[in-house]
Amino acid sequence: MPKLIKQDTICSDDWLPADAASDQVTQHHFPTLPQWRAAAAGTLRTVQLQPGDVVAELAGALDTLDIIAVDFPVLTDGRGFSYARDLRERGYRGELRATGHFMPDQVHYLRRCGFDAFQPTDDSRIEEYLRQSRVFSEQYQASIDQPLPLFRRREAQAS
Amino acid sequence: MYIYDQYDQRIVDERVAQFRDQTRRYLAGELSDAEFLPLRLQNGLYVQRLAPMLRIAVPYGLLSSTQVRKLAHITRHYDKGYAHVSTRQNIQLNWPILEEVPDILAELASVQMHAIQTSGNCIRNTTTDQFAGVAADEREDPRPWCEIIRQWSTLHPEFAFLPRKFKIAVCASEQDRAAIHAHDIGVELLPNAAGELGFKVLAGGGLGRTPVIGSVVCEWLEKRHLLTYLEAILRVYNQHGRRDNKYKARIKILVKAMGIEAFRDAVEAEWAQLKDGPSTLTDDEIERAKSFFTSPPYADIDGDAAREALAARAAADPIFGNWLTRNTHQHRVPGYRAVTISLKATGIAPGDVTDRQLDLLADLADSYSFGELRTTHQQNMVLADVEENALYSLWQRLQRAGLATANIGYLTDLICCPGGDYCSLANAKSIPIAEAIQARFEDLDYLYDLGPLELNISGCMNACGHHHIGHIGILGVDKKGAEFYQVSLGGSQSKDAAIGKILGPSFSQDAIPDVVENLLATFVSLRQGDETFLQTYNRVGIEPFKERVYAKAD
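As you go down the protein sequences, you meet chains A and C in turn. Taken in order, the first sequence gives residues 1 to 159; the numbers are from this note's numbering. Taken in order, the second sequence gives residues 1001 to 1554; the numbers are from this note's numbering.
To be clear, the hints were calculated from the coordinates, so they are not data collected in a lab. The model shown is predicted, which means the values in this text are computed figures rather than measured ones. Quick reminder that beta carbons are idealized off the backbone N, C-alpha and C, glycines included. Each hint can be trusted.
Pairwise CB distance ranges (calculated): (1) D1244(C) <-> D23(A): 22 to 30 Å; (2) R90(A) <-> E1174(C): 37 to 45 Å; (3) F136(A) <-> E1261(C): 33 to 41 Å; (4) D1244(C) <-> E138(A): 31 to 39 Å.
Under 7 Å between C-beta atoms, here's a sample of chain C residues computed to sit facing chain A: (5) Y1007; (6) I1011; (7) Q1018; (8) E1035; (9) P1157; (10) F1161; (11) R1235; (12) N1238; (13) R1243; (14) D1284; (15) E1285.
Start from the sequences, fold in the hints, and give me the full structure.
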C-alpha cells in the first residue's frame, strides 16, 4: 500500500494514481478531471488534477469533494503550487494532496501553498519528506498557512 | 540602507542551515543530481567549466563597507582573490569548492547577505538605478520599493518553480538607468494626471534568443497595490507560461502569444482575487521601508564655490579633469557628486575586482561616502555621496590602485559576460574580445571624440552581456565548432529602448577590432555636429556601416 504523510504523520493509504487511459473510473484510482466531469454530479468525492487542467472547473463543486490530488509529473513543473493556492482561496476545505515526483525539499513550499497531504511516487524516503516539511520558522509572504504577510505581523507586534 | 531585524536574520540563518543539509545529503548520495540542481541554483551555485560559480545577491546593488570587507575576505579565503560584478548588480565567485559553499553562505549571513534566488527558475534579484536616492532627475527614491519587492519575492512558496527565470527592475527617474524595458517586469514610478506618484507596470520585455521590448500592462497603479499586482502577473505566468521548450518559456513569449490585451485581462482576473487582500501595502509598511533610505548627514556646502574650485583643479591637472568629466555624476545635493569607479581597465576582465581593491574600496567608502558602495549593471562600482572638495584626493587614491580609468560611458567601458573562459553555456569566449577592443582603442582623446558609446558582448544567445541593447552588440556564435562573432547595431537600453539590428555574416575573433574600427570610421565620416554614434546610426541606417565593413571581402 502506498505511504502517505497526513497531519504530520506517516500512514498507509489505498488511493492510486488516476488512470488517464481509461474512460471509466478504475476502482481505487483517483478519477482524472475528464472522468470526474463525465460522472453524475456529486457521485465522485475525489479527483486528481494534472498540470494544464483548468482548476476553475471544480469551483462549483468544492463542497462535494473529500480529496483533491494535484499531480507533479516532474519536480520542476511548479503549476501545482498555484493550483493549490487557488483552490484554497476559492474556499476548498477538504484534503489537498500532492502526488507524483516532487522531492522532500519541496514539501515546505507545498504546505505553505495549501497542501496538507503528501504522497510521493517513490516513498522509500518518506521520513525525509516529513523531516523537510518545516525547515523555516518565519516567512515574508502571505500564504495559505499564514494569511498575514510578515509586514502586517511586524506592525501588530510594534503596536 | 536596509538593516535586518530578527525576522530577516532568522530567515537567512535558516536558509544557510537548509543548504548545509542539502549539500551534505547530495554528497552522501541521498539527493540525486536532478534534485540537487534546482536547490543549488536557487542558492546561486552553478557547475561551470572549471569549477562551480557562486553568485552572491547584492539587492538592488547596495553594499555597506562591512559587507565589502566580508566579500574581500571571502574571495581571499575561499577563492582566488578576485570577484566579478555581474550585469544584475550581483557579485560572482569563479572558484569556490562545493563543500565550502555552506560556510561561505554562513559568512555572508553574518553581514546580512545571502545568495538566495540568484539563479534558477524563480524571481531573481530586483535591480534599479545605480544613482537611486542621489540622482537630480529622480521623482522618488526607488530603493524602498525594491526592498519591499525583495522581501515579497524571497522564498516565495508559489513561484520557486516557474517556467523560467524572472527578472524585475524598478526605475524612478526621467532617464531610465535600470533598463526596465528589457525585463520580465519593469516598474516605473511616475505621476498620474492628479500628480500622485504610482507605478506604470510593463511586462514581457527581455533579451536572450528572442529580444522583446516590454509592453504596458498597467498605465498607473496605486502604490499600495504593488505586491498584489505583481503576484497576479506571476500567477498568470506560472500557470500559463510554456514549459515544453526552455527557449520559449520566458514571459515575453506568453505575452506575445496571448496578445497584450488578453494577457492584461488574465492579470486583472487574478488580481480581482488578490486586490485589497492582506498583501495590500499599509502606510506603516511603506514608511518603514522608506525609513531605511533617508538622506545621510550631508554637509552644508556652497555649491558654486565648490564647483569653481573643482574647475580650477581640473584645469591645472587635465588627467584629473578627464576623470571628473567622465566618471562623476551630478548629485541632487549642492557640493556633492556621485563617483563611478571603472572596473574596465584594459587587460583585466570587465567587472573583475581583486580582494585588495575591495578592501580599499571599503576604506574609501568609509572616508568619502558614508560607508556605502554600489554595484552597477554596467559592471562598475559607485561611491554615491562624495563631497566635491574631496574628489581630487579620492581620485589620487583610486589612481594608485588602478581604479581611475576615465572611460565611463565610452567605448572601452564595455559590458561583457564571463563567456567561454568560465561559463559552460557559452558558444564563444567574450573576455579576449573585450581585451582586444580595449587594447585597440586605448587613446582616450579618440574615445572622448567619439562620444558616449555602449558596446556590449555576450558569449551566447542567453545574452548576459546584453548585446541586443548595445549601440554596438557582439554575440559569440558557434559555427561548425569554431567561435565566430555576430555584430549588431543600434540597440539602446534607455527610454528610447531598441533592439539592435544584425549587420551581416559573422566574423572571426581576430577580425573584430578591425570591424569595430571600420564601424567607428563610418560614424566619424557621416557624423553631423556633435551627434552620438546612436544618433548618426538612427539618421543614416545600417547600410553605410554594412558597405564599409564588408567592402574588403567583395
